[in-house]
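**Student:** Okay, here's what each chain looks like letter by letter:
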Amino acid sequence: MNIFAHIGRATLSLLEEIGRVALFIKDALLQGLTPKIFLRQIFEQMMRIGYFSLPVVGLTAFFTGGALALQIYLGSSRFNAESLVASIVALGITRELGPVLAGLMVAGRVGASIAAELGTMRVTEQIDALVTLATNPFKYLVGPRVIAAVVTLPLLVAIGDTIGIMGGYIVGTRSLGLNGYAYIKNTADFLELDDVTSGLIKAAVFGFIIAVMGCYHGFNSRGGAQGVGRATTNAVVSAAILILAANFALTSLLFAD
Amino acid sequence: MADAHIVLENLRKSFGPKQVLNGVTLSVPKGHSLVVIGGSGTGKSVMLKCILGILQPDSGTIRIAGENVVGLKGKERDQMLQRFGMLFQGAALFDSLSVWENVAFGLIQGRHMARARAKDIAIEKLGQVGLGPEVAKLYPAELSGGMQKRVGLARAIAADPEIIFFDEPTTGLDPIMADVINNLIVDCVKRLGATTISITHDMASARKIADDIAMIHKGQILWQGPAKTIDTSGNPYVEQFIHGRAEGPIQMDVLKP
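Protein sequence lines, in the order shown, are assigned to chains A and B. According to the working numbering, the stretch in the first sequence is residues 1 to 257, in order. According to the working numbering, the stretch in the second sequence is residues 1001 to 1257, in order.
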């Protein structure tokens, strides 16, 4: 078998997939985010995507903040620069780790559940049934999930940032012997509004990626249980990779001087 | 035919290299019940999905009450779809909604009816398919297959549609429940005066609910006539199908052992 034929075929199918995703995003924006708006559905999805992700995101942020404080303390103590712990934890959490880790955790929790739910609806003809009841599936299913994810991810990350910094504070003061008052003062003095908002902008973009990937793979699942399983895996993997790629792009964009 | 309600002309649809509809031409007079029979994979479901606009035909025309419906978009499409009701093979009930919310879905979402009023109508329609009001608050997963089919039927007739499609209404049911469903279909259709197309491979069901029968094979209509004449059609394909013989002009792709 010709190796060039393989490469060519793989490239073509990748481009085809990118085209399909682009068309899906077009439909999601033009049909899903225009009236009529299903408020009840948006509220329900906000609860499922946002509220019920709080424990996962909170625990992730707490332990990450703690581990970050430990690492930075170990490194900075070589230069007698322990006072930097508070400010570097705050920066690391708000700019990078808060949004990225929350995004990845929510991609696993919510992206998978969206893909599995819509995939099952597709293979049991529930999405076709929506159409026969004169209801546009993009407006009823995709729009509310995209809106809910874009709105709630920044809120989740804001809470995660707070808990992450608190995790650093607890480790710093309880096990590293840093002064609590100085820790909080360092954090407050050093942290700027831009650090936080850049993370929240990232979070909104990640929310969009998670919802769109979940809906896209769910909508296009074929062939029963196995197809739904494949859709779920693809939704999580593609969302995770896109989140990391988008994070890199956004970091270079938002912090370009 | 002057009073033809649904007219398909030379409808073609292929998926990749596979030609599924190969020039289907059909017409159904207003208030008539047409049953389309044919083996699995002969294009029956695809035909219904083309009429509903879930799939786009490659060529050919579809006219509902004289109006071409191929390629309708947005509001016009929603209005067209409000004239339809459909009972899906697996009932396709929304499993996140209760039974009455399923039945009332088209009324609430498609026609913006108040929930309380839609609930009353849903309970009335459930009564017409032999289900008591105590079923209304259950969820689809709590129902047996036969009950799910009946809820699906109630949902299909909830908005008093002028056209109803039945996709294999008796598949997967025991013979007695199948006959119950057949009777309900005949009753409901008579009460509404609706035009219907049913697809099935259950001959007992076809004889019971059909005014006319059409036989589809390899994406083409081979025979169409009044239900009474099905036994004297003289068409070898129809003969083979209604008697369920493995030998005849229709060859299954089965390897001989």
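A hint or two may mislead.
[Claimed, not checked] Covered stretches of chain B (chain A as the covering partner; in silico rule of three or more C-beta atoms under 8 Å from a C-beta of chain A):
no.	segment
1	1050-1062
2	1086-1093
3	1100-1110
In short, the hints are calculated from the structure, not lab data. C-beta: ideal position from N, C-alpha, C; glycine also.
**Student:** Identify every previously stated hint that the structure contradicts and give their numbers, smallest first.
**Tutor:** Result: no hint breaks.
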